[in-house]
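Heads up: the protein sequence lines correspond to chains A and B, in order.
Residue numbers for the first sequence follow full-length UniProt numbering, beginning at 1 and rising by one.
Residue numbers for the second sequence follow full-length UniProt numbering, beginning at 1 and rising by one.
Check each hint, because a few of them may be wrong.
No distinction is drawn between identical chains; accordingly, a pair holds when it is met within one copy or between any pair of copies.
[Said to hold, decoys possible] Simulated pairs of lysine to aspartate or glutamate, EDC-like, Cα-Cα distance not exceeding 20 Å:
id	residue 1	residue 2
1	Lys418	Glu162
2	Lys132	Glu175
3	Lys11	Asp222
4	Lys320	Glu43
5	Lys320	Glu580
6	Lys114	Glu43
7	Lys115	Glu348
8	Lys395	Glu355
9	Lys320	Asp160
10	Lys115	Glu419
11	Lys423	Asp380
12	Lys11	Asp252
13	Lys418	Asp541
14	Lys395	Asp63
No lab work stands behind these hints, which were simulated from the structure alone.
Number of protein chains: 2
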Amino acid sequence: MADIPARTELKVTTGPIRGSRKVHVGNLGVAMRAVDLEPSSGEPPVVLYDTSGPYTDPEARIDIMAGLPELRSKWIRDRGDVEEVAQREVRPEDNGQLGPDRSGGVQPFPNVRKKVLRARAGHNVTQMHYAKRGIVTPEMEYVAIRENLGRERALDAARDGEDFGAALPDFVTPEFVRDEIARGRAIIPNNINHPESEPMAIGRNFLVKINANIGNSAVASDVASEVDKMVWAIRWGADTVMDLSTGRNIHDTREWIVRNSPVPIGTVPIYQALEKVGGIAEDLTWDIFRDTLVEQAEQGVDYFTIHAGVRLPYVPLTAKRVTGIVSRGGSIMAKWCLAHHKESFLYERFDEICEIMKAYDIAFSLGDGLRPGSIADANDEAQFAELYTLGELTKKAWEHDCQVMIEGPGHVPMHKIKENMDKQLESCGEAPFYTLGPLTTDVAPGYDHITSAIGAAMIGWFGTAMLCYVTPKEHLGLPDRDDVKVGVVTYKLAAHAADLAKGHPAARLHDDALSRARFEFRWRDQFNLSLDPDTAEQYHDQTLPAEGAKTAHFCSMCGPKFCSMKITQEVREFARLQEEKAVEGADAGMEEMSKRFHDEGGELYVPAADR
Amino acid sequence: MADIPARTELKVTTGPIRGSRKVHVGNLGVAMRAVDLEPSSGEPPVVLYDTSGPYTDPEARIDIMAGLPELRSKWIRDRGDVEEVAQREVRPEDNGQLGPDRSGGVQPFPNVRKKVLRARAGHNVTQMHYAKRGIVTPEMEYVAIRENLGRERALDAARDGEDFGAALPDFVTPEFVRDEIARGRAIIPNNINHPESEPMAIGRNFLVKINANIGNSAVASDVASEVDKMVWAIRWGADTVMDLSTGRNIHDTREWIVRNSPVPIGTVPIYQALEKVGGIAEDLTWDIFRDTLVEQAEQGVDYFTIHAGVRLPYVPLTAKRVTGIVSRGGSIMAKWCLAHHKESFLYERFDEICEIMKAYDIAFSLGDGLRPGSIADANDEAQFAELYTLGELTKKAWEHDCQVMIEGPGHVPMHKIKENMDKQLESCGEAPFYTLGPLTTDVAPGYDHITSAIGAAMIGWFGTAMLCYVTPKEHLGLPDRDDVKVGVVTYKLAAHAADLAKGHPAARLHDDALSRARFEFRWRDQFNLSLDPDTAEQYHDQTLPAEGAKTAHFCSMCGPKFCSMKITQEVREFARLQEEKAVEGADAGMEEMSKRFHDEGGELYVPAADR
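Produce the complete structure using the sequences and hints provided.
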């Protein structure tokens with residue numbers, strides 16, 4: 001392996017998240033992270049959903065050159081419906097290198113499988129297929145344990161939320177997961193050639209998920225930084241990762257990413273197909289696209305964005321838009337339709353696409369190629385015409401027992417967001433909605449992670465199952481490592497705000513634990529319970545660096561002389577005493593307290609000793 | 001002046017915002033900023049609301065030692081209802097220095113007025129008083145011009161939005177402003193002793209405003225950095241600034257800020273009163289509080305936060321909360337009530353407070369001392385009990401013709417936000433609502449500008465008139481200069497998203513201009529139209545530093561080979577041609593286009609020349 005990059009070139013971040021401990025639950029060893037609180041709290045550890053995979057497990061040995069262990073391999077083979085076939089030969093054009101010249105190429109992944117899996121003739125290996133037949137798979141069991149997340153502790157808590165018709169269970173059973181998959185209301189994206197993935201569900205009745213996009217473009221980035229970005233994104237909470245690479249080395253870059261990813265990987269196959277025809281959309285053919293699907297299916301991609309709803313008659317509907325067609329896949333297909341004056345081959349060959357999807361269990365992410373690219377174009381005729389077609393295709397995919405989610409906008413002002421959710425639920429039979437933001441205004445380039453987090457939290461509340469993150473670099477450039485983290489944490493908080501508003505039975509456990517820590521000045525617990533403990537502590541230390549301050553009963557907002565939290569402890573003492581004195585009447589209690597305050601000289605100062 | 005700080009110690013940022021030009025409109029010279037677009041756009045300049053005052057005016061001479069010019073001085077005196085009185089003597093305790101020792105004190109502002117203004121006996125100088133008498137003041141005229149902001153250009157555009165019963169006019173007339181002020185639905189906070197302020201309105205039927213908090217605490221900060229923070233905050237869009245200083249030098253710090261501020265300044269007088277009694281809440285008296293109101297009134301503070309709704313019977317309602325009482329003012333008053341077992345002197349002396357407010361035209365910001373400090377405590381009995389009392393006090397203040405706004409939460413999950421707005425509108429007679437966020441989850445310390453921007457945008461849409469910003473340091477420490485900017489820009493975009501959703505007639509002009517610039521690859525126009533041009537350009541340059549790239553028809557997201565925007569120009573050409581050919585039937589047009597694409601070899605590549 002002398003000619004492969006030194007490991008330092010493929011360095012990724014490992015080790016536990018600050019203040020968290022990896023735990024494995026149940027006989028399937030479902031990975032979660034536990035945050036231990038200060039003993040003074042007398043509270044149990046807070047258990048949080050964990051997307052980071054083995055990278056945060058001190059016990060795990062990480063070897064990027066070898067890839068992750070194959071968690072699901074036995075589950076898949078034990079079903080007895082797959083066969084091993086030789087992997088399709090990798091061709092120069094797969095890496096965007098049409099000539100024999102491989103210069104500028106990246107090292108192929110050293111541990112590529114020579115044999116790959118495929119459904120045996122006449123078999124269908126999708127989770128939906130099993131679900132419809134009443135089979136509860138290990139993947140479904142894994143998801144049930146993963147989603148429950150301390151829910152039992154919340155059972156006594158009153159449900160508080162508005163779920164707009166969702167059906168959040170008090171407790172998630174494997175049977176509930178199976179039923180949601182069978183109905184098409186949820187998906188578990190996990191290609192049989194990606195056994196490294198830890199099963200997760202995307203659906204309105206599960207925790208709201210988030211996706212992070214990575215991928216080199218012809219202008220910047222390389223394989224090492226893309227693998228690092230993937231590991232970095234899942235560390236902070238990305239539930240799935242999309243590899244949107246374009247230009248050269250697409251195939252090899254993807255192999256590095258998939259083999260090292262514990263979360264589902266999504267792609268937009270048309271991007272690679274376009275590279276294979278030198279970037280000329282009208283030269284695309286069904287055969288080239290089909291070959292690309294098989295190529296990526298064998299590598300283990302878990303879901304494909306396919307813009308089969310961009311139909312020839314819809315293209316002119318975008319002519320009067322302020323920002324026309326902003327989806328890359330959408331514009332590729334629009335151009336193809338115009339150039340040939342033919343209906344989209346993706347639309348016409350949809351059944352054949354389904355045949356491929358079900359042979360590997362790849363989920364559809366039906367792309368919104370005509371999504372609005374500006375506030376002005378939101379909810380227009382072109383957008384909804386495509387949505388209705390996606391609904392039609394969803395039913396067709398379900399006839400094949402293929403798993404489906406639907407992509408959504410984009411740029412939508414607040415008052416038009418709910419209409420998107422309502423129309424999607426109605427026209428797509430409650431198939432999971434997967435939106436990009438939406439951005440609620442166009443005037444803040446540089447802050448679009450925030451303009452979009454507003455829309456994302458709202459549409460997540462209304463019922464969207466997964467939110468595709470937006471980074472601060474949106475519209476401006478390619479996100480770097482820091483942008484990826486900011487985007488992921490921003491979307492994690494938006495998704496959590498949505499879970500809270502929906503009335504998810506366990507969501508508030510996290511908020512309440514952090515609020516109690518704040519109220520009791522357990523600074524360490526506050527940091528550790530934050531979605532980003534490192535940043536929380538760093539911000540605190542900028543104004544109060546002293547280690548002592550971490551336990552001090554004040555923060556620099558109020559200063560040491562006065563603190564609003566302290567008074568409340570006195571209010572409680574007062575209320576308690578008032579209750580005791582109830583028999584003699586509250587007034588007596590009042591006077592008693594009044595007297596006590598003066599006897600104690602009830603200071604608002606915090607004694608120097610406490611500082 | 002040898003003993004005063006060198007000017008470099010009080011350096012503030014001056015000069016135009018990148019890509020913007022200061023313009024003065026009408027005979028009152030209302031300040032706005034114009035963004036000139038590239039000639040290729042063929043579009044007029046985009047005129048934006050400008051809170052930055054003379055600091056961004058190249059014509060203006062800035063002298064922090066002298067303070068700003070007195071824009072409103074003549075308007076105030078010409079009304080003939082004020083008299084000059086000697087300013088109250090500044091005492092050591094005003095600066096939190098009870099002994100003769102002034103060490104650690106800051107330099108007094110060199111240009112303090114010896115004489116200050118006050119309403120002549122029997123007169124009332126509030127804008128509401130004039131409005132109720134049918135008088136249109138120059139302040140109202142100024143506001144009308146300022147709020148219209150290119151609205152005439154939007155008159156033909158169809159109104160698009162959901163305003164929940166607000167009454168946004170197609171065009172703002174001085175008479176409309178007068179009527180809103182008279183009804184109490186809007187306020188113009190401008191103390192007659194702050195003639196430097198540029199009139200602005202806070203009301204549901206005007207643009208949504210934002211406030212930035214500054215102020216030293218006993219732990220950090222000093223006068224120079226606070227003045228600089230004020231100038232920095234208004235540069236990026238803060239409509240008002242609250243000085244929340246505690247500890248020493250409160251009086252002198254405030255003088256520096258007020259004399260140099262073109263925006264209304266708000267304070268929480270109880271903070272200073274508490275300092276005057278050495279931090280012992282129960283030692284507070286009406287006389288000390290009253291004296292503090294007069295002291296600050298004479299300095300020119302434009303609105304006072306007064307927690308008169310924290311009544312003795314409500315205090316025990318907070319006993320079972322997760323985070324008790326988190327408002328500093330609220331807990332000071334709660335402690336006072338408990339210690340004396342008496343009703344709040346702020347509540348009982350409310351009429352006397354009104355007498356002071358109307359002698360200087362200081363607006364009430366009725367404080368929400370019992371606001372929730374966590375998701376768990378949102379919308380509880382204590383919070384709403386106080387709100388109803390604030391409604392009762394609003395009517396009382398209106399009987400004195402005092403201007404009033406109402407402060408709101410805080411921490412509220414999305415599904416409970418609208419109830420806050422509905423109850424406030426109902427119980428407070430549509431007096432302007434002024435909320436802090438609200439934060440929609442507690443789990444993201446370090447990102448609370450975002451958790452709160454989500455709630456702020458929503459409640460702004462529902463009808464809140466002003467949004468108090470939250471910085472990334474919230475709950476962790478004192479914001480620095482960078483935090484102030486991030487907080488202001490974040491809230492500016494949230495306020496704008498709210499204006500868009502309400503269907504403000506002019507709001508979309510800004511979004512559409514930026515979207516057209518994006519669509520046409522006018523990078524410079526995109527940067528200049530951003531709420532933060534510096535950050536937008538800097539992010540762009542990180543991946544595409546070449547000056548040439550600024551005019552190139554691609555960005556690093558797609559790379560030079562393919563660009564989704566370009567295709568749309570072809571779609572338009574296609575649609576145009578299709579219409580021409582309509583007589584011969586669309587098909588002919590289709591084939592024609594199909595042929596043309598091939599003749600032109602319709603490339604998706606951008607010729608190297610364009611790069």
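### Message
Of all the hints numbered above, which does this structure not satisfy? Sort the numbers upward.
### Response
6, 7, 10, 13 and 14
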